[in-house]
Structures are given as C-alpha cells and as structure tokens.
Amino acid sequence: MPKTSFRVVTDSTADLPPAWREKYDIEVVPLKVLFGNESFRDGVDLTNDEFFRKLASSSQLPTTSAPSPGDFAGVYEKLSRECEGVVSIHLGSNLSATCESARLGAQSVEGFPVHVIDSGSATMTIAFLCRTAAEAEDLEAAVKACEERVPKLGILALLDTMRYIQMGGRIGRVQYLLGSMLDVKPLLKLDHAQPEIQALDRMRTRARAIPGMVERLKQEGPLEHLAVMHGSAPEDAEKLRALLAPGHPEMEPEVGQIGAVLGTHTGPRALGLVYVKK
Amino acid sequence: MKTRPVAEQKPQARPRLVDGQLFKLALLGSLSWLTANQEEVNRLNVFPVPDGDTGTNMLLTLQSAVEDIRESDAKEISKIAALAAHGSLMGARGNSGVILSQIFRGFAKHVQGKAELTPAELADAFEEAANAAYRAVIKPTEGTILTVAREAGKAAKAAAANPDAGVDTVVRAAARAAKTATDNTPTQLAILHEAGVVDAGGFGLQVIFEGFLKTVEESDPAAVPARPAGSGKALPAQRSLELPEEGWGYCTEFLIEGRGMSVEEIRDNIAGMGNSALVVGDEELIRVHVHTNEPAKVLAYASGVGTLARTKVDDMSKQHRVILDDTVPAEPQGNGKLAVADAQRKRPNGVGLVAVVAGGGLTEIFKGLGVDAVVEGGQTMNPSTNDMLKAVESIPYDEVLLLPNNANVILAAQQVPDLTEKKLYLLGTRTVPQGIAAVVAFNPNRDAKANQLAMAEAANQVQTIEVTHAVRDTTANGVKVKKGDVIALINDKLKHSGSDYGDVVSLALKDIKPESYELVTVYRGDGAKDKDLKVLTEAIGRDFPGLEVEVQDGGQRHYPFILSVE
Chain D
1 MPKTSFRVVT DSTADLPPAW REKYDIEVVP LKVLFGNESF RDGVDLTNDE
51 FFRKLASSSQ LPTTSAPSPG DFAGVYEKLS RECEGVVSIH LGSNLSATCE
101 SARLGAQSVE GFPVHVIDSG SATMTIAFLC RTAAEAEDLE AAVKACEERV
151 PKLGILALLD TMRYIQMGGR IGRVQYLLGS MLDVKPLLKL DHAQPEIQAL
201 DRMRTRARAI PGMVERLKQE GPLEHLAVMH GSAPEDAEKL RALLAPGHPE
251 MEPEVGQIGA VLGTHTGPRA LGLVYVKK
Chain W
279 MKTRPVAEQK PQARPRLVDG QLFKLALLGS LSWLTANQEE VNRLNVFPVP
329 DGDTGTNMLL TLQSAVEDIR ESDAKEISKI AALAAHGSLM GARGNSGVIL
379 SQIFRGFAKH VQGKAELTPA ELADAFEEAA NAAYRAVIKP TEGTILTVAR
429 EAGKAAKAAA ANPDAGVDTV VRAAARAAKT ATDNTPTQLA ILHEAGVVDA
479 GGFGLQVIFE GFLKTVEESD PAAVPARPAG SGKALPAQRS LELPEEGWGY
529 CTEFLIEGRG MSVEEIRDNI AGMGNSALVV GDEELIRVHV HTNEPAKVLA
579 YASGVGTLAR TKVDDMSKQH RVILDDTVPA EPQGNGKLAV ADAQRKRPNG
629 VGLVAVVAGG GLTEIFKGLG VDAVVEGGQT MNPSTNDMLK AVESIPYDEV
679 LLLPNNANVI LAAQQVPDLT EKKLYLLGTR TVPQGIAAVV AFNPNRDAKA
729 NQLAMAEAAN QVQTIEVTHA VRDTTANGVK VKKGDVIALI NDKLKHSGSD
779 YGDVVSLALK DIKPESYELV TVYRGDGAKD KDLKVLTEAI GRDFPGLEVE
829 VQDGGQRHYP FILSVE
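Going down the list, the sequences are from chains D and W. Going letter by letter, the first sequence gives residues 1 to 278 in the working numbering. Going letter by letter, the second sequence gives residues 279 to 844 in the working numbering.
Keep in mind that a hint or two might mislead.
So the derived label-pair ranges between C-beta atoms look like this [unchecked claim]: (1) D/47 with W/825: 45 to 55 Å; (2) D/195 with W/727: 25 to 35 Å; (3) W/790 with D/215: 22 to 32 Å.
It should be emphasised that the hints constitute simulated quantities derived from the structure, not laboratory data. Just so it is clear, CB atoms sit at the ideal spot from N, CA and C, and this is done for glycine as well.
Let's have the full structure, built from the sequences with the hints guiding it.
Written out as structure tokens, the structure reads:
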C-alpha cells in the first residue's frame, strides 16, 4: 500500500456511505449497542435493518457505549505504519464520550500526529467533514477545512416519539415536551449555536411535520451539503427529499439510514435533515 | 319562611316613573320568574345531547346581575343598572348569558346619569339594550334571543308613543312582543323548526320580561300570563314574587361530588332550607347555589350526600365574604402537583396558558402539555366570564392565551380581555380536540402572537367526532334520532345515529375523508365501557386500516368517546 501523507478516521455514527469509505479509504471505529447483556458493534455485528427490527421487537430498550481508548489506539497504531498523520472526526462531545476516547487513544501512539475533530454533531454531517478532509491536499489543510466547517453543521430531526430520546437523556431544555401523556412528535435541532439538542416544535402527525421540516430548513440560509437521513422510514425520507427539490434545485441530497447507536436514541421512524451551511 | 308579595311592599298603583328601587324589584321579579321556569328553558335544547343548559346559564347570569343590587338603596336607576350590568358581565355563562349581559350593559349605558325613567325613556332604553346586544355579537343570528330583544324594544317604543302610556303599558308591550317573537323563532331558524321547539335563549328573555312585568303591574294581575308559553305547569304568580322578610341571608355555593346522587332529592331538601335554590348536575357532580340563613345546616346536609368542593359562603346583608375553599383554578379532579411543578418554572416567552376543560384525564393531558390553569367547565357547566378571569389573573404571566374548548364558552371568553390588565389572546377552540391540537402547537420560545397564529392553524386542522347518547327523540340536521341512540357529532353538528358505537363512528369517519388523516385519538369518557371501546376501536381498525388509533383517558362526562382525527 502506498504511503499517503494522512488518513481520515471516523466512527460508526457518521453514517458514512460505503462508497465514500472505499473511495477515501476511511477507517470507521464502531460504537457499541447493548441489548441487555448482548453487545453488538455498530454496523459490524448488526446491520441497520437488523437493528431496527430488533428495536421494534425487543421488550428492553438498548443502551449504547462509546469505543474505548484502546479501540482507537489500535486503529491509530495500525495507521501510524501506513501514513504520516490522522484526522479523526467524531460524534460530538456534547452527545458522547467518543471524542474523549479518541484523544486518550491518540496519546498512546507516541510521535504520530492525530488531530481529533469534535464535530458537535452526528450522522452525515460527520461524513461530509470526512469527505472534505479526505479531499484536502495535506493534513494541515484537512484539519483547517474541518475546523472551519464545524460551526456550520446542523441537523433538524423529527422523532416519531419522545420515548427513546427521553430514555437516552441527551436532550437539553425541552421540558415543555415532557410530562405529556400524549405521544408528541418533537422537531429537534442540533447545531453549533447551542451545546444541547433544542426542541423547535411538537406535533401529533407526520403529515404536517414533514413539510414543517422543509420550511424550517429555509431559515438556515445557503447550504454547501445536504442529506436526508431516516431510521427505517425510507418512504418518508423519499417524500422529504421530493419536497426539498423545489427549494434546493442545485443540490442532490443524499438519502441514508441512521445506524444502531443513533437509532437507539431517536427510536424508529426518525427523520433528519443534515446540512453544512455555506 | 314567611314572605309577602311585592305588591304589598310597593303599594302605589300604575307607576309613572321607573326609579332605581322599582328597577331593582323588577329585576328580582325577573329572577324569581326565571328560577321558576329554568327547567322549562333547559328543556328547549335543540340538540338531543346532554348539554347547553340555556336556562341554567341565563339564571346564573341573572343571579350574578342581581347579586350586587340586592343591598343597594340607590334611588337612581343609573346606579342600579350599572350594578346589574357589571354583575351580569362577571357572571355571564353560555351564549345566551353573555348576550343577556350585553343587554344589561346597553341598558345601563343608555340610562347613564338618570335618576328615573319616563315610560318613553324606558322604551328607548329597552331598544338601545337590544341594539347593544346586536353590536356585541360578531355574526348576529335571527330567531334567537337577539330577535326577541329587538322585537320587545320595538313594541315598547310603539306603546310609549301613546301619551297615556304608563310604565306597565310599555313593559307589557315588551313582554307580549317577546312572546310573539319567541313563538316565531322556529320560522326563522330551520334547526328550531326541525326540532319542533322555540329558541331557548329567546324564551329565557321572554320570561325575564314577564317577571319584570309582574312587578310593575300589580294593579291588574289578570293581565299577567299565568305561565309562559310552552310551560307544562302553571305556577302561582305569588311564588315568583316571594321576597324574604328577614333579608337574603347567606349566598351559599358549592359542588357536591359523589356517586349515584339524586338531583331531585337534593334539590327538594335544599330548596326547603332557603331561597333561590339552584341545584343542577348529575349523579356524580352537583352544583348548588342557595340563599339561606343557615349555611351551616345546608353544608352539613350536603356533606352527608357527597364530598364538597369550591365551597363559598357570602353574607349578603353585610357584604362580607367568607371564602372557605376558593380554589382557582378550579380543579376538582385534577392533579395539583402537576400544576405546582409547572408554576415553578416560568417559560422564556412570558406567555401563560389557560384552558377550559372538564374531566380528570383531559385536565391531566392539558396540564401535561403545559397549561398553567384549568377552568373546570364544559358541556353542562359553562364557566362564567368571572371564572375564566380569575384563572387568567391567577397565573404568573402578563400575556395569556385562553382556550375555551367549547362553542358555548367562546362568547363568555370574549368578555375576559376587557376585564383584565393582562394582554389576553383568545383562541376560538370549539372542541376539546381542537384545544389539544392548539396546545400541542404551543411553543415556549415563540411570542404570544406567533403562538396564537400557529395554535389557531393547528386547531383548524383537526376534526372532532363526539359520541354520545340521544337524550330524547328528535330530528336535527336531517338526522332522525330516538332516545338512547348512539349519536355522533362531527365538529359540533349532529351527523349520524344508530345502535352500535362501531357503526356510528365508522359512518362519521367516512364523512371526513379518512385518507387525508393518519391519527385518531380516542378520549375515553367517564363511565365508558370496555366493551364499547373495543367495538369502536375494532371498527376503526377494520374499516380504516390506514389510521393509527391511540386511546387516552379523558374522563369527560356525558360523552363516552371524543375522537380527534388529524
């Protein structure tokens, strides 16, 4: 294998399209999903479809865990023999201990530069950063490109129920969504402006909520990248993509499925608009 | 209790002028006559559903109008009229009650500054009162209390043109025209014609005019109709004019909560303990209003029947108010803890929410969605303007969104903005599902105006199906129903009847184009049976597989099921 100047590392929550992974030779470190005592490596031991089937049928809600520093150390160790540096782009530290594990893992590989990028975000925003980084000329340019874009990452997510995100506890000042006996569908936002997930709205039906997401996206201004993500709701994702076309004629949004770790926190039938602002 | 007729108190014949004291006695006469005929007015409900107690609403409104004037010795009619206008506005309940309060308001405005009225001036005031009521209503409908008020005013004016006319001539003309107009209401409103009844509110006003007439027309009792049109039983005229010698004692009000209570029995017992007894409700919740010299005796009796709530005893002679347990917001079944938790954290936009809700489950749902104060009320107990005002004042926000959640509460709610210093935003929610849809759309990060818009839009997108039993045989909206039938109302209008919950609900859902909706929330009422719920949800599952069904405990009375389709 020819030695390149740097490589890109990410984690399974980037929902990196397999084609990009192959094309840019990106290393993906899996997070873990636990159903009771059963532990699965995200995207390795469990496909996304298998996960959502299991989520629907399991009486017990799964839990998730970040990779260990050792998991990262092993990857960096290997890459230190193949290239001169790594840009390691991960699930936000506001959501997970993944970045912390990556930093600790990097310390155990002495003399090998590992730049950990805390995306403050999740899913394909991270994949967009990975692609941008991989296309950079050298390590320095890759890190710079990532650092410039982190403040521009955003996610609008429509959950089908409050149940999962409430159990996962990764939600900020959204008390107004809680305490309700009615199952409301929250429209959430995660971007650089606030460290925590924000609740924008709550709705009772998807029919009204989906066009609402497209409306809301207009407030974000011009976009560099855009993707539609879903958790086992491909038809709604297509609906959403079709609604985006008139407002974003120049873009061809990717459509992808979120993985098991994010799915644990969103629950089934989640929909997301994932973007990088210009 | 020994009483004497008004005629003996006011010995002069054929009054030529109306002063404050005569007007006061006349209103008390109206109150007595309406009390005697309250059930008759209630019976005129167009819809065969157990709601809209027009007679009770008008009576409570009139009682509130009269409350403050009982103790007034003011000779000037302007003062008495102003007190009545204020009192009626505070106590206004239901549409007819609110219109009645506007009639008083118009009357009071017209007689401002006057000590007494000539017959011609009285006629003008009647006419102006009707005009004011017309102006207060956004879309005046003919064949209602408005028409009756206008015709009464017109006839009074015509009668006053005769130079020999006395006060009695004018009032008699008004009362007779009111009766004629009431009798004609079925020709103006198809819905009344179909149901074979006269307009309840119009009839109520007719009764008020007749009671008024009884007081001013003591010299010729034969001219008084023995009973109002439509009444099933003749009531001795004297009874309606009873005034207690010892004063009015204590105005005693409370709710009794219990099981299997007999309204009639309790009414009879309480009526024997005082005056102006008003005992309404059903087997599980009864509202009592009575004027008595022995409130302790009344309360002791009532506490033996069930649990007392919202007890209020006012000493009417000293105007000294003793509030034993004045809980505002009223929450007889609600969970107080939730309300406290909500109050502790003020939201960023400084906007509070007040909703009119009946039923324990629904109260919890509204509170869970962020409503700060719940005003107890709904079908059979329309809350008064004052009830809503108190709730608005009780919450720690200067801007308040008010949700009436019932078509019969909207008009009373519309009076609240004029009475509070707070900035009030009224939502026109006509049903419980509309109210819930609106509250779901509330966002604490948006300002009040933006919330009002978003909430109104959300309310408009929901369809309401209310399922209950017909309380009598009738035809309404072209739907023939028999007493006991399962009936479905779509957005407040009677649409289907039948014997089976599943069939009736399926028919109703078909009407509203189910393919454009995705979720049916079934709010289960108090006393709804498991098997009926099963029949209903299975029918939806079978006939409309594309609709998701969610069942919630509503706890509302009278409506076993309320469905929200969105």
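For each hint, the structure was consulted:
1. D/47 with W/825: 45 to 55 Å: violated (32 Å)
2. D/195 with W/727: 25 to 35 Å: holds (30 Å)
3. W/790 with D/215: 22 to 32 Å: holds (26 Å)
When held up to the earlier numbered hints, the structure conflicts with hint 1 and nothing else.
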